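Trainee: Residues per chain, in single letters:
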Amino acid sequence: MSEKQEEMSLDKRLALVSFNKDSEPFIVVDTKLCQQCERKPCLYICPAQVYNWQDQLNYNTEGCMETGACLIVCHKIGAKAISWKYPSGGKGVSFRLG
Amino acid sequence: MGRWGDERERRCVALTLHLRTDRPRAKPDKPRDGIKERELSLEGFEVAVVGAGPAGSAAALTLAREGVQVLLVERGTFPGSKNVFGGRIYSYALKRLLGERWKDAPVERFVRKEGITFMTADSSFSVEYESKDPTGSFTSIRSKFDKWLAEEAEKAGASLITDSRVDDLVLERGIVKGIIAGPDKIPTDAVIACDGTTTNLARKAGLASMLEPREVSIGMKDVIELPADKMEERLGLEPEEGAAHVFVGECSGGLRGGGFLYTNKDSLALGMVVGADDISTKKVPSHTLMDRLRNHRKVRRLIRDGKTIEYDAHMIPEAGPKMLTRPYTGGMLVAGDAAGHLLNNGYTFRGVDMAIVSGIAAAQTILEARKRKDYSAQSLQTYERRLREEPALKDMYTFSKVPRYLRNNRLYNVYPELVCNAAEAIYRVDGNRKRKIYKELRTQTKGKVSTISLIRDLLAGARTF
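First to last, the protein sequences are chains A and B.
Take the first sequence: its letters are residues 0 to 97, numbered as in numbering that gives the first Met the number 0.
Take the second sequence: its letters are residues 0 to 464, numbered as in numbering that gives the first Met the number 0.
In case anyone wonders, no lab produced these hints; they're calculated from the structure.
Predicted model only: the values in this text are computed from it and were never measured.
Do not take every clue at face value.
Below are the DSSO-like pairs computed for lysine-lysine, each with C-alpha atoms no more than 30 Å apart in a straight line [claimed, not checked]:
# : chain 1 : residue 1 : chain 2 : residue 2
1 : A       : Lys-39    : B       : Lys-321
2 : A       : Lys-20    : B       : Lys-143
3 : B       : Lys-143   : A       : Lys-75
4 : B       : Lys-146   : B       : Lys-393
5 : A       : Lys-20    : A       : Lys-31
6 : A       : Lys-11    : B       : Lys-393
7 : B       : Lys-281   : B       : Lys-445
8 : B       : Lys-146   : A       : Lys-20
To spell it out: a stretch of chain A is covered by chain B in this simulated footprint if at least three of its residues, at any positions, have a beta carbon under 8 Å from a beta carbon of chain B; those stretches are [said to hold, decoys possible]:
#  : region
9  : 20-29
10 : 49-57
11 : 80-93
Glycine residues also receive a C-beta, built at the ideal position from the N, C-alpha and C atoms.
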């Protein structure tokens, strides 16, 4: 009973989901604005951790699960830096067991 | 308007291609008139339904059945491929849409057992209910369910195109006259927007502004493969029966939200739903809550030796129908998640049933308007009345104060612990003097919550639920 469940790293989790990369950028961040962002909510809200911080905001749209929550928190709590739309038709994430 | 003028006659090449090359379609129940013409062009559709989720497919099916030329547009490679939910569908909505044919639905398990667990880091208090009739709801998988429902709409005569993102509306003097998908403009008499929580189309039509973080939650889930007999043994289920369980307390780390568990045929859907405002302001990376849930002793033994086979996430609107200023405008209706048609009252989570019922209501409104040949906002305003009079959707208005009540963080960081500690005090016999239960309860609340807050929360709860 005491054994700890195997930790599921996020990378491991994301490797289980199929993505079809959209060549058109569907997330664009004005990262200059992020420098002034105090709360950086995007770093916490995204269940796929599309966003990370190393001296500046970095983002990797491959892995995006298209919740759209980053846009809301960025505009209401953050620096209004994120532009977001769904990937083109047929592109992006595809859930088999959602 | 001149901008659209020269495009008006243009053929919709890209979309036409999809219509031709789409996967083999189910044979329609009755022959469809004009199908040849439609395969050559996307003109001539009376109604475009955007989004082939439960709301969209229910609307398209209801319209097609009455002979309306309906185009159902889906951005995923197949209906359901973009959709995620906890795991359960209430059957009544499907019965209403399909009659006896609802039994063809891709059911994982009918839900026999309902349960809730209040948890601290190292203790838990669970309540379980075993229903005499499990057919009232079933677990399902969206890639199967949504696909099946869209096929039902196709059988009724609707035309489905996939891989198509609708970017904009065709607006003429503020009236919606069609949709724009990539390079293609598709003129229609009316549009039903079932485009989900982010509802681009309701925003384009001026019916919604951006939601507030407190009005949405993030849902995440692991699908964990587990042999059926093992699952049934662990959850105390007869073969093929299912369970639904809710977790409150430690798993959300005090944030507004909780965990859920649903049984599929041979997998468990285990997930968390947490308020976007709480995650952002308390700076808890959302996905770490999954590990918190998985590692709780109550959950750990349920999923032991299970293999995680998928990780999904989705955004959930929590504001109810007031997320739109109104669910209609000239030429357009909004249904499903896009219109806030879902209900989380803390112990039941309803989305798919409400989406289906609101999709039907939207279709019926269009059918009436079609008879009048009038799709103006004034003509379509009967939709709002339908929504309010529809018994299933009425629940949204009955429980309209629930979202505000559920924003009380004591529900997540005080009361679960209180319940567990009280149980500990009641059940523990250690040779020290035992006190009567009410005295024990009083002691437990000390320093955690004032009597006034406790009474206020109880009274508000009684009024809200």
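Trainee: To test your reading of the hints: which numbers does this structure violate?
Mentor: 3, 6, 9 and 10
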